[in-house]
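Chain order of the listed sequences is A and B. My numbering puts the first residue of the first sequence at 3, with every later residue one more than the last. My numbering puts the first residue of the second sequence at 3, with every later residue one more than the last.
Bear in mind the hints are in silico, worked out from the structure with no lab data behind them. Keep in mind the model is a prediction, meaning the values are calculated, not measured. Among the clues, some could well be false.
Quick partial rundown of chain A residues pointing at chain B, CB under 8 Å, derived from the structure [said to hold, decoys possible]:
| id | residue |
| --- | --- |
| 1 | Asn5 |
| 2 | Arg18 |
| 3 | Tyr213 |
| 4 | Cys229 |
The calculated lysine-lysine pairs, modelled on DSS-like cross-linking and capped at a C-alpha distance of 25 Å, are [said to hold, decoys possible]:
| id | chain 1 | residue 1 | chain 2 | residue 2 |
| --- | --- | --- | --- | --- |
| 5 | B | Lys302 | B | Lys207 |
| 6 | B | Lys232 | A | Lys208 |
| 7 | B | Lys173 | A | Lys173 |
In silico contact screen, one side only, chain A against chain B (beta carbon under 10 Å); selected entries [to be verified]:
| id | residue |
| --- | --- |
| 8 | Glu13 |
| 9 | Arg217 |
| 10 | Gly221 |
| 11 | Lys224 |
| 12 | His228 |
| 13 | Asn245 |
| 14 | Phe257 |
| 15 | Ala259 |
| 16 | Gly261 |
| 17 | Val375 |
All C-beta atoms in this analysis are idealised placements derived from N, C-alpha and C, irrespective of residue type, glycine included.
Protein chains: 2
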Amino acid sequence: MQNFRYYVPTEIYFGRGQICHLTDAIRRFGSRVLLVYGGGSIRKTGLYDVVLSQLRAGGVTVTELPGVDPNPRIETVRQGAALCRRHDIQVVLAVGGGSVIDCSKAVAAGARYDGDPWDLVLDHAKVRDALPVVSVLTIAATGSEMNGFAVISNLAVYAKQSIFSPLLVPKVSILDPEYTFTVPAYHTAAGTADIMSHLFELYFKKVEGAYLQPRLIEGLLKTCVHCGAKAVQTPDDYGARANLMWASTWAINGFLAAGFAGTWSCHAMEHPLSAYYDVAHGAGLAVITPVWMRHILGEKTVDLFAAYGRAVWDLPPEADPYDTARRAIDKTAAYFAQLGLPGTLRALGISEKDKFEEMAVKAVGRGLGTCYVPLHVRDVVDIHEAAY
Amino acid sequence: MQNFRYYVPTEIYFGRGQICHLTDAIRRFGSRVLLVYGGGSIRKTGLYDVVLSQLRAGGVTVTELPGVDPNPRIETVRQGAALCRRHDIQVVLAVGGGSVIDCSKAVAAGARYDGDPWDLVLDHAKVRDALPVVSVLTIAATGSEMNGFAVISNLAVYAKQSIFSPLLVPKVSILDPEYTFTVPAYHTAAGTADIMSHLFELYFKKVEGAYLQPRLIEGLLKTCVHCGAKAVQTPDDYGARANLMWASTWAINGFLAAGFAGTWSCHAMEHPLSAYYDVAHGAGLAVITPVWMRHILGEKTVDLFAAYGRAVWDLPPEADPYDTARRAIDKTAAYFAQLGLPGTLRALGISEKDKFEEMAVKAVGRGLGTCYVPLHVRDVVDIHEAAY
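Chain A with its partners taken away, still in its complex shape:
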């Protein structure tokens, strides 16, 4: 097991009605808030009104940054940072999914940086201060509600990149599974694929002496498999939504990577896809993941895939490891299909191959050569071809 520091001080209020803690949470940090949200679904569901009335009753002054895109843009971050300065904002409140929370984090850092916020994406060390972020989560997927990561897109340069800083870890996050009842089936499915991908990125490697982390990852993967399908089928299944939401948080809050860190593969390949074609992140991952699994299956990984198949898909322990591995990968692909996710790049709406090389170069630029099974430009192009 690797040495590590673990410190994740987000305060979580989880469950029905926990929005009652919102105003107290905000007031700890100030009374002037920037309310960040997306395309208006929170207006339709009534959550917007609940949040506004709570904040007003608590004497909080609200400035709004609506219209955050699904892959949040640097332009919106710039706009938010400017609003913070103009209105002397004390807290950034994200009400939405991962995109909204990511955007809010970048705004929180941008508000305390003299320069273009894109600098902070290019150089994390420049994040030296940030406004506190509070979040109200409305979709289970990115885990942004309990970590210091934010992914920001700059379509002008075909870039989709992370910022990270411990300063960006939300101070308080309110997780009410009922807010996810209205998430459409496709986005519930894409969110499930995103959570599972975070777990796969960690799982398929060996770190000497690390036994606990893979066992917990298996438990979370089982949870995704069990509850993702239920949530797609029965959108108001509270138990399914609750488990999926809590799994999304823990898949990527630093706990499972502690002592078990390594370079990610599928996210590095998916981010260029989203940057070039603006596809839903989770759907892109659902396409790339099984193909990547087949690509890296070999002597170095077969026992990992077999262990995955036994623990998550209940495949029999006595079977041949390669058979078990292949069956496990097939089951993964079949599961994504069952959720209604696309299985090919074409089904994702990408009907050309001429950007494959360019995207592969960008993906490899994210360190794919240092993965447990290193990937080079040729590998990534092959994966794109096989996924086409």
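Based on the hints, put chain B in the right spot on chain A.
Below, chain B alone, put in the same frame as chain A:
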């Protein structure tokens, strides 16, 4: 899943050599420290010298509270609280196992309470302030390094009871698995049984909609089974020690109980045993646990035991649930025996039965009537008889 608040802000430094962070951690809170430790094993291992030289080099003034007993006594707490007041202590530094950390927490609260610290055990609401606690862990067992619990014994009234307060959660804990290389086999085994018991206490119940927590508990139980035996056999197996240490922390830091809380059984029965006979807590649990499992096996629990058997002991899924359940319980008992733990109260040194009724009344007084399978005085006496 139940509603919950989750907030566990302990900063963990995990791994070889992480003691280098000690002085910085202490200096955040002050420069006058109360160093709490046990029977002197840290002097033998050299850890005492390392700690002292680091603190002195950092300009920290050290007052000592040595000699904390394995089941820490209220008398020691009183003594520590008095030392804190006399020397205007700013931080309590625990270097040791769960007993030392528990004692330190009680001292930290007692130092800021005008009255007898035993009041705080009897009424947790009286813990309104506490000195910050920093810990350096030397045995994997109680999980005290990342939670707000402390168990204190008052042998004058045959009582062994918990204090709990969020104020008692350690601010920083340093977890270096190498410090546990010198833990004797018996205490390594008892620690493993303690961790497993924390997990069992949570696992054997049903909470509507809670799916994720039992899956993670299974992963941690597998970790204990796999790594506990290795650590007993090969004391300097870093991987085994590391997994066991990190499992001990997560078994009882609030994460697994979040949304999945309920009344505990075996600890309520073991605490009176320790209070009357001063037995090692984990060894007492190893005796009680399999007997308790057999006692509560029935229609209400058989599928839980069968799931446990399949997930943790790799028992075949197609077998009869009762057979699987019984085999899983037998395997649990056999595992404790393999670790070298006693299997009966007599083997634990308890050669009389005349306190059974009295201890059962005390155990039931801890709420056993509200367990998933409620236990009454007759049940507890029967469990003692069967464990005799």
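Going through the hints against the structure:
| no. | hint | result |
| --- | --- | --- |
| 1 | Asn5 | holds, 3 Å |
| 2 | Arg18 | holds, 6 Å |
| 3 | Tyr213 | holds, 5 Å |
| 4 | Cys229 | holds, 6 Å |
| 5 | B:Lys302 x B:Lys207 | holds, 9 Å |
| 6 | B:Lys232 x A:Lys208 | holds, 19 Å |
| 7 | B:Lys173 x A:Lys173 | holds, 17 Å |
| 8 | Glu13 | holds, 4 Å |
| 9 | Arg217 | holds, 3 Å |
| 10 | Gly221 | holds, 3 Å |
| 11 | Lys224 | holds, 5 Å |
| 12 | His228 | holds, 6 Å |
| 13 | Asn245 | holds, 5 Å |
| 14 | Phe257 | holds, 8 Å |
| 15 | Ala259 | violated, 12 Å |
| 16 | Gly261 | holds, 7 Å |
| 17 | Val375 | violated, 22 Å |
The earlier numbered hints that this structure contradicts are 15, 17.
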